[in-house]
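Asker: Chains as they are written, first to last, in UniProt numbering: chain L, 1 to 223; chain W, 1 to 223; chain F, 1 to 223.
Each hint should be verified, as a subset may be incorrect.
With the C-beta cut set under 7 Å, the calculated list includes, among others, these residues of chain W facing chain F [to be verified]:
id, residue
1, HIS67
2, PRO133
3, PHE134
4, ALA139
5, PRO148
6, GLY162
7, PRO164
8, ASP165
9, HIS167
10, LEU169
11, SER196
Pair ranges (Cβ atoms, derived) [claimed, not checked]:
id, chain 1, residue 1, chain 2, residue 2, range
12, F, ALA209, L, HIS67, 40 to 46 Å
13, W, ALA209, L, GLY177, 38 to 44 Å
14, F, ARG120, L, GLY194, 39 to 45 Å
15, F, ARG197, W, GLU62, 35 to 41 Å
16, F, GLU68, L, ARG70, 49 to 55 Å
17, L, ASP39, F, LEU61, 29 to 35 Å
18, W, ASP217, F, ALA66, 44 to 50 Å
19, F, ASP119, L, GLY194, 26 to 32 Å
20, L, GLY177, F, ARG120, 33 to 39 Å
21, F, ASP119, W, ALA65, 51 to 57 Å
22, L, PRO43, F, THR73, 33 to 39 Å
In case anyone wonders, no lab produced these hints; they're calculated from the structure. Glycine included, every Cβ here is placed at the ideal spot set by N, Cα and C.
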Amino acid sequence: MPELRDDGPVLVLDLGDDENRFSPDWMDGVHALLDTVVDRPGPAALVTTARGRFFSNGLDLEWLAAHEDRLLTYVERVQGLLARVLTLPVPTVAAVNGHAFGAGGMLAMAHDFRVMRADRGYFCFPEADIDIPFTPGMAALIQSKLTPAAAVASMTTGRRFGGPDAHALGLVDGTAGPDELVAAADARVRPLAGKSRATLGAIKETMFAAAVTALRDTGVPAA
Amino acid sequence: MPELRDDGPVLVLDLGDDENRFSPDWMDGVHALLDTVVDRPGPAALVTTARGRFFSNGLDLEWLAAHEDRLLTYVERVQGLLARVLTLPVPTVAAVNGHAFGAGGMLAMAHDFRVMRADRGYFCFPEADIDIPFTPGMAALIQSKLTPAAAVASMTTGRRFGGPDAHALGLVDGTAGPDELVAAADARVRPLAGKSRATLGAIKETMFAAAVTALRDTGVPAA
Amino acid sequence: MPELRDDGPVLVLDLGDDENRFSPDWMDGVHALLDTVVDRPGPAALVTTARGRFFSNGLDLEWLAAHEDRLLTYVERVQGLLARVLTLPVPTVAAVNGHAFGAGGMLAMAHDFRVMRADRGYFCFPEADIDIPFTPGMAALIQSKLTPAAAVASMTTGRRFGGPDAHALGLVDGTAGPDELVAAADARVRPLAGKSRATLGAIKETMFAAAVTALRDTGVPAA
């Protein structure tokens, strides 16, 4: 399950040592740790990473198969988490330590910046191959962070990008060796940890308003 | 007139050996061949190219001059063809063999990818010079495929870009010699020919929803 | 105060030799000179630059502090000037001679092209540091000219970019030495000075319709 390490002012969100799929419990855990990040007194910045072969392998298809009647509320929760990270009122960077597939890749895209391990792991949107089209919110999130050419190359092909290819296309902002990955990510946000959260949150809400609206509108009636 | 060559699973749409302007008959021909592409059983991918000096020289101004009263329905048909290619449910690539001007350039932009002949031919949006501003749909189509800097450089200047300049700016994804052009384009989509058409079509409809809406809304009342 | 030099067909708008902040009088002066540019008979193109250490240091915070009750109409006027430059019906380029901060940077972004002095001066959006979030119109303007990665890097960090860094990120289209700056900017628009103003204005209005709408909608009731 997700854990948080305090390397003040940088907080390292560890998504886990497994496939780190978006199960309801896992999302609850991530939300609780994001509460800790946002509520931390004084400067704060977020590095999100994981241990092992996966950053995150995306939707929890096994849980979904067992709870088909809850598909819409599940998608709503996934998109709510993505919208929250997209507009988190602290500087954020994903340290992509391994495979980032589907919603796992979207979670990385929701961060302000991305650094990817250079030697192993794939960044991939497999939607075109697994016959799960992007929701409007998920597409808007990805497209809000990529050039049109990078969006077409990654969203319509199912192609798996290793670190150097992901960097060349602009899916990530940089690459690093496995032992330098978290440090390279840390260096991008540590100098920014002192920003006003109200201001930074407002800036991201304004910049990504269209994607946030699409992510929060899943067609699920309000309770 | 347009022709189709079956190099299964890749289908090569040949726009013709003339200026390949968007006459009503030519558009009918292209639509009929796109029907064949989409209806082909089994895997399919589209390479669009032409013979001679032109990929396409754009709107059929001569036909328009003789049918001024049909301007709106003509524009509606041009935009309908562009919207169809933009969301075609198979992988698509334009092999730009020669001049791609105006709507000819837009047709190339509507494809998922573009490869341009390196040694001859120009990619050009002459709208700023011929006093025909882009319609909202045409502008949205082009901007949905380019970085803002590339959109300004190509849409406000009337500049003619040879292959290497077009590649440097990102108007096309690559260049090739004249004898390797179709093969270079083919190589980009052949590995993708097996994608589900329903899924790929849905992905493109979602990614380019704003441009499609603008292209399909030409102010012409529905019949 | 702003001045205009006629180097026909190029008109050089000199923003001043001070900090060139957006005071009401300064904006009145710029608008009057833009009238001269647009009304000039025959071909015309605009180079905007300044003398000294600043291109423009942005909002006139001193004036604002003394006129707090006029904040909304002030913002409306700033955004109106930005919208006007964004859609000016002649080719435009900013020759960024020195610091371009906040609204000063936005004014540069509103031009079709930007060339920046290579050796001195910073391009900076300090909003994240001075606790003034971007208005929706200002954010839309900047984002209409930048890749998503460049928008995040410049709008969420408060980072100051020297010329080479600004060029590498795409904030500006080129750099030049101090003595070649205006000539380098001039060379980008002089060949374009003969475009039809009606056509070029219509093209920019269409391309940047979303940003223009956001800039012109400041929540201030019409008089």
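Asker: State for each hint whether it applies.
Answerer: Hints, one by one, checked against the model:
At a threshold of 7 Å, the smallest CB-CB gap from HIS67/W to chain F is about 23 Å, leaving the interface hint violated. Below 7 Å, beta-carbon pairs count as interface contacts, and PRO133/W has one with chain F at about 4 Å; its hint therefore holds. For PHE134/W, the suggested interface contact is upheld, since its CB lies about 6 Å from the closest CB of chain F, less than 7 Å. Hint status for ALA139/W: holds, given a least beta-carbon distance of 5 Å to chain F, under 7 Å.
Taking 7 Å as the C-beta cut-off, the interface hint given for PRO148/W holds, the closest approach to chain F being about 5 Å. Look at GLY162/W: its Cβ only gets to about 17 Å from chain F, farther than 7 Å, so that hint breaks. About 18 Å separates the beta-carbon of PRO164/W from the nearest beta-carbon of chain F, more than 7 Å, and the hint is not met. A hinted interface residue such as ASP165/W counts as satisfied when its beta carbon comes closer than 7 Å to some beta carbon of chain F; here the least separation is about 14 Å, so the hint is violated.
Because the beta carbon of HIS167/W sits about 17 Å from the nearest beta carbon in chain F, more than 7 Å, this interface hint is broken. Hint status for LEU169/W: violated, given a least beta-carbon distance of 11 Å to chain F, over 7 Å. Because the smallest distance between the Cβ of SER196/W and any Cβ of chain F comes to about 28 Å, over 7 Å, the interface hint for this residue is violated. One distance hint, 40 to 46 Å for the beta-carbon pair ALA209/F and HIS67/L, holds here, with the actual separation near 43 Å.
Look at ALA209/W against GLY177/L: about 40 Å separates their beta carbons, and that is inside 38 to 44 Å. The given range of 39 to 45 Å is broken by ARG120/F and GLY194/L, whose C-beta atoms sit roughly 27 Å from each other. The hint said 35 to 41 Å for the Cβ distance between ARG197/F and GLU62/W, and at roughly 28 Å that hint is violated. At about 51 Å, the CB distance of GLU68/F to ARG70/L agrees with the hint of 49 to 55 Å.
For ASP39/L and LEU61/F, the hinted distance range of 29 to 35 Å is satisfied, since their beta carbons lie about 32 Å from each other. Taking 44 to 50 Å as the suggested C-beta distance range, the pair ASP217/W and ALA66/F conforms, at roughly 48 Å. Distance hint check: the CB atoms of ASP119/F and GLY194/L are about 30 Å apart, consistent with the given range 26 to 32 Å. At about 36 Å, the beta-carbon gap between GLY177/L and ARG120/F stays in the expected band of 33 to 39 Å.
The hinted window of 51 to 57 Å between ASP119/F and ALA65/W holds, with their beta carbons roughly 54 Å apart. Checked against the given bound of 33 to 39 Å, the beta carbons of PRO43/L and THR73/F, roughly 36 Å apart, stay inside it.
Going down the numbered hints, you'll see the structure goes against 1, 6, 7, 8, 9, 10, 11, 14 and 15, while the others check out.
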